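> In case you want the letters, here they are:
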Amino acid sequence: MTVKAWLLADTPRSRTQARLGQAYLGLAALVSNPLAVIGLIIIGLLVVVAVLAPSIATHDPYLQNLALRLKPPSAEFWLGTDALGRDIWSRIVYGSRLTLTIVCLVAVIVGPLGLAIGVIAGYAGGVTDRVLMRITDIFMAFPRLILALAFAAALGAGIENAVIAIAITAWPPYARLARAETLTRKGSDFIAAIRLQGASPLRVLIGHITPLCVSSVVVRLTLDMAGIILIAAGLGFLGLGARPPSPEWGAMVASGRDYLIDQWWVATMPGIAIFVVSLGFNLLGDGLRDVLDPKMR
Amino acid sequence: MITVDRLSVRFGSALAVREASFEVAKGESFGLVGESGSGKSTILRALTGLVDIAGGTMILDGEALGTKRSRRFHRVVQMVFQDPYGSLHPRHTIDRILSEPCAIHGLDRPEQRVLGALDDVGLGPSFRFRYPHQLSGGQRQRVAIARAIIAEPQILLLDEPTSALDVSIQAEVLNLLARLRRQRGLTYILVSHNLAVVAHMCERLAVMNRGEIVEQLTAADLHRREAGTEYTRLLMRASEGYDPALASL
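Taken in order, these protein sequences are the chains called F and C.
If you count by numbering that gives the first Met the number 0, then the first sequence holds residues 0 to 296, one letter each, in order.
If you count by numbering that gives the first Met the number 0, then the second sequence holds residues 0 to 248, one letter each, in order.
Note that these hints are calculated values from the structure, not bench results.
Certain hints may be false.
What the hints assert, rightly or not - In silico contact screen, one side only, chain C against chain F (beta carbon under 8 Å); selected entries:
hint : residue
1    : T47
2    : L49
3    : T56
4    : M57
5    : H73
6    : F80
7    : D94
8    : P100
9    : P124
10   : F128
Claimed, not checked - Simulated DEER-style distance windows between Cβ atoms:
hint : chain 1 : residue 1 : chain 2 : residue 2 : range
11   : C       : D4        : F       : I137      : 48 to 54 Å
12   : C       : R236      : F       : P200      : 44 to 50 Å
13   : C       : S20       : F       : D136      : 44 to 50 Å
14   : F       : T15       : C       : T66       : 38 to 44 Å
On a predicted model such as this, the values are computed, not experimentally measured, just so you know.
Ideal Cβ placement from N, Cα and C applies to all residues, glycine included.
All chains should be modelled from the sequences, with the hints used to inform the complete structure.
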């Protein structure tokens, strides 16, 4: 029996086999969507570049050489050099580590936090709902960047504090999303049925309601990644995120804006990196939406 | 086994159930018949604690039911919902759906129970790892019945278990329910708008109209067409099919 036949067996003999079969179908659905594959490849490349940065970079990203400042792209400096003579290609390669760190940390904080608050508010209702949603409203009332700025200023500059500041400002839409999803599912018969089985509220929340909200939160999170990268860059530009000389893409764009007309590559190259990675996350988000819904199969 | 005394349920300002009283003995099959909106499903939901009651008492096995239901209650009483498309979790496999009651009540040998329950309702093991959306309405309702019986309850509350199914499947599901009751000595409370279904499944029934129980009679009374109230006679005539004279009423 081939592996494929085993995975797609009509009558799986064990739960493991059934789960692997579902995972295979999910992967197949993702791979059959060409745009999602492009997104997946971009994110995969980002991870590879970040992991293998020392062997991919051609120069030391921090090495300054004023004699070689603002050189156009050439065989020696693939993407040119910046105002301090540093190799832009190497800086972008090392910058992918920062980008990936920011993206992962924000996702890990924002997703579960927003999900938990939204699901609890939606399921509990009453006073709990009102208190949690008013807190959410307070956070939503401020423009995201301004609030992140305030937090970053209060916590001090640095990439970790920037992540915390972004996370604090980014969770409310997720709480709203999860709450709305919970409210539509709460009254359905299958929730009544599991409550009738004697399930505790915790079991209903974790096992039955949260899985229904996860996919929309994951999709939204992937689609939001571009914005998160940009806010991180904005904080870096204002001196409240990644600090020089760390090769954060947003900060690199900001530092290149003085030379935009004559030395276009200084700002453009990291800008392209941001654009490509954001696009990758967007495409992946779209693909995931199809995969995470077993009804689509 | 179940005593409902002067039960009232209020939705906002409307009284959905008004002082309904009935008793169901152990092993009996009791029917609640009425038009939609007559409050029959609400009585079931009140029994299970899904809606709050405005007055009256409900007694199960000599124990009054309060606002909270104990874990033991859920072992004894289970329910089958009307709409098999809405009563199964869309992201859970049949296996997961049937395993949950075992996990909640800490039952032993969950795998065998799942396979046994599937077998009991006439679904093979091939259905075990399917999702609800891969099943037909009748198959889904069988899964819902399997879920209700897997923890071996004594009482099944059936809320229009066949009205969402097409006619040929209805008979199959009703026969399945009748067989399960015979085999396991279950007590049924069956809610239906269909007098024929209730007459087929139940020994006794109550007729409801606008939140009130207007009459209680036995299936034998029904077969002899001995109804005490005008409303029941109207329902009986309606169940015989379309009648132009009745439609103009």
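> Decide, hint by hint, whether the structure agrees.
Right, here's what the structure says about each hint:
1. T47: holds, 6 Å
2. L49: Interface hint status for C:L49: holds (6 Å vs cutoff 8 Å).
3. T56: It is violated, given that the least Cβ distance between C:T56 and chain F is near 21 Å, above 8 Å.
4. M57: Result: violated, 15 Å to nearest chain F Cβ.
5. H73: holds, 3 Å
6. F80: holds, 5 Å
7. D94: Constraint on C:D94 satisfied, holds at 7 Å.
8. P100: Constraint on C:P100 satisfied, holds at 5 Å.
9. P124: holds, 6 Å
10. F128: holds, 4 Å
11. C:D4 - F:I137: 48 to 54 Å: For C:D4 and F:I137 the Cβ distance comes to about 50 Å; the hint holds.
12. C:R236 - F:P200: 44 to 50 Å: holds, 47 Å
13. C:S20 - F:D136: 44 to 50 Å: Distance hint for C:S20, F:D136 holds at roughly 48 Å.
14. F:T15 - C:T66: 38 to 44 Å: holds, 42 Å
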